[in-house]
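**Q** Residue numbers (my numbering), protein chains in the order written: chain A, 133 to 428; chain B, 133 to 428.
Mixed in with the good hints, there may be bad ones.
For chains that are exact copies, the list does not tell them apart, and a pair is met inside one copy or across any two.
Said to hold, decoys possible - Straight-line distance between alpha carbons at most 25 Å, and here's what the computed BS3-like set of lysine-lysine pairs gives:
id	residue 1	residue 2
1	171	421
2	209	298
3	200	250
4	166	135
5	171	209
6	421	166
7	171	263
8	381	166
9	268	282
10	200	331
11	298	275
12	421	135
13	250	209
14	421	161
15	135	209
16	268	209
17	282	209
18	166	263
These are computed hints drawn from the structure, not numbers from a lab.
Number of protein chains: 2
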Amino acid sequence: MSKLVECVPNFSEGRRPEVIDAIVNEVRKVSGVKLLDVKPDASHNRVVVTFVGEPQAAKQAAFHACAKAAELIDMEKHQGEHPRIGATDVIPFIPVSEVSLEECVQLANELGQEIAGKLNIPIYLYEAAAKIPARKNLPDVRKGQYEGLKMAIAKPERHPDFGQAKMHPTAGATVVGARQFLIAYNINLDTRDVNIAKKIASAIREAKGGYRYVRAMGVMIEERNMAQVTINMVDYTGTPLHRVFETVKSEAARYGINVVGSEIVGLTPLQALLDAAEFYLRLEGFERKQVLETNL
Amino acid sequence: MSKLVECVPNFSEGRRPEVIDAIVNEVRKVSGVKLLDVKPDASHNRVVVTFVGEPQAAKQAAFHACAKAAELIDMEKHQGEHPRIGATDVIPFIPVSEVSLEECVQLANELGQEIAGKLNIPIYLYEAAAKIPARKNLPDVRKGQYEGLKMAIAKPERHPDFGQAKMHPTAGATVVGARQFLIAYNINLDTRDVNIAKKIASAIREAKGGYRYVRAMGVMIEERNMAQVTINMVDYTGTPLHRVFETVKSEAARYGINVVGSEIVGLTPLQALLDAAEFYLRLEGFERKQVLETNL
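Chain A extracted, bound-state conformation (with noise of 0.2 Å):
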């Protein structure tokens, strides 16, 4: 197995298929990467398409469909209740395999690079790829949308990383970054009382004292009458699965509960669950290229 990224670019058009199609086909052209999902949708008018790749074919893949969605999606006639800057809203490169994070922020500024100087789009780094600290939260970069940042990108702390203080007449500016990948993880209670759940919770997210990588809240699930902890787990390197399990498990024995079971949610990098079998099995000097698959 080579070195993987995950791209999960967004682009501002969730109505004209054909418009969609066209971004997505750059994205299908290049080789060494593959496409794993689009999702538009209508009242965001918006897209969110994955794709992993080796590092490099990725992000060439990233700007080809950055160039065509400059081409076919106009910002000044653009609608739609997501926040977003420009025609390619945000693109955030994510370690799969064999990759690091360090090395997805390079990845974010050489394509932040590119953009900017081939395509004249304004480009601002995000997350674990910002240089400035009040940009490492994308709500912060996106503050006044496409409309409200045609003005305040002249002001000194809204320039761009790269690229001139003006917004592409029709792209407008986009958002480059990297980060962790995010495992969708929930932990199933045998108790009604979503108060446990959400004391729980309480326990292993980091606003309240618990794990830094972790977020964390109490649901009910109806469907089936059982409490549920359903947490995010934004970098499963620094806390790992099997960490967050046994803590839940050990915090609900205190009042007399049980985990019935715990659920990944979508996709989920190999190396989360590896990290989990290595840590209950007490492997000693396991590697992953021990793993037959890897080798291909």
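Please build the complex by placing chain B on the supplied structure of chain A, with the hints as guidance.
**A** Structure of chain B alone, referenced to chain A:
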């Protein structure tokens, strides 16, 4: 990830590098197949070749390698310490991912017929592919070796499964079959008392009333001054790693001993570790395709 089988043919040549190369090149030439390992042994005068691939590609590679071995190896002149009946001595197919053992049995049948038909080499089917119970175990099939089988093959009970009851004049006969992936797995104990490791080995191994697919011994690891339960997991789909690990933990506790760690020696199919993660995290509704890398 597509269907994947492993194939580990053994050829009766461990001394002439040019012959080994010529055989291995037949494997390298086939697209859809990846060579993982070549292990020649001069005193055995034998080479073990390991490759993986899509089932039909793996079959094709095995056929061409077998044909080349028949061309270059003369069993009339072969000497070596390891039991063998032919130039290509044995060809097992092993399921790795998204392939059942039954599909590997089918593959062994197809390959056996092809070798018998095109190369005129009599074929015996063994292990999961055995049509005759007495041929399940390889040593039974190889009884008398090349020299003895030349005569014995004429007896009805030694007739091959495919081909004529007559040895190929230089290539002898070949055994083809299917088996599960063997995982070499060790569990280390915080004791220097090898008798405890031996008792635990007895508790888990089939021969002594333990798990059906477990072969185990207790040994002393002098370098670490530590007793170890050393295990061959001959079918991890029937007896999973985590069940054996938990049983060893519980048997060790009976002597006041702890499990320090475990080791996977060499390769393992991904599924064996996913099964462990799924067990310990109590995953509900988990599907292999949720592992991002398996979509590529």
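**Q** Please go over all the hints and tell whether each is borne out by the structure.
**A** Here's how the hints hold up against the structure:
| no. | hint | in the structure |
| --- | --- | --- |
| 1 | 171 <-> 421 | between (34 Å within a copy, 19 Å between copies) |
| 2 | 209 <-> 298 | within (18 Å within a copy, 82 Å between copies) |
| 3 | 200 <-> 250 | within (13 Å within a copy, 56 Å between copies) |
| 4 | 166 <-> 135 | both (13 Å within a copy, 18 Å between copies) |
| 5 | 171 <-> 209 | within (21 Å within a copy, 66 Å between copies) |
| 6 | 421 <-> 166 | both (22 Å within a copy, 15 Å between copies) |
| 7 | 171 <-> 263 | neither (30 Å within a copy, 51 Å between copies) |
| 8 | 381 <-> 166 | neither (38 Å within a copy, 43 Å between copies) |
| 9 | 268 <-> 282 | within (21 Å within a copy, 77 Å between copies) |
| 10 | 200 <-> 331 | neither (48 Å within a copy, 68 Å between copies) |
| 11 | 298 <-> 275 | within (16 Å within a copy, 84 Å between copies) |
| 12 | 421 <-> 135 | both (13 Å within a copy, 19 Å between copies) |
| 13 | 250 <-> 209 | within (23 Å within a copy, 70 Å between copies) |
| 14 | 421 <-> 161 | between (30 Å within a copy, 24 Å between copies) |
| 15 | 135 <-> 209 | neither (39 Å within a copy, 48 Å between copies) |
| 16 | 268 <-> 209 | neither (29 Å within a copy, 73 Å between copies) |
| 17 | 282 <-> 209 | within (14 Å within a copy, 85 Å between copies) |
| 18 | 166 <-> 263 | neither (30 Å within a copy, 43 Å between copies) |
Hint compliance for this structure: hints 7, 8, 10, 15, 16, 18 are broken, all remaining hints hold.
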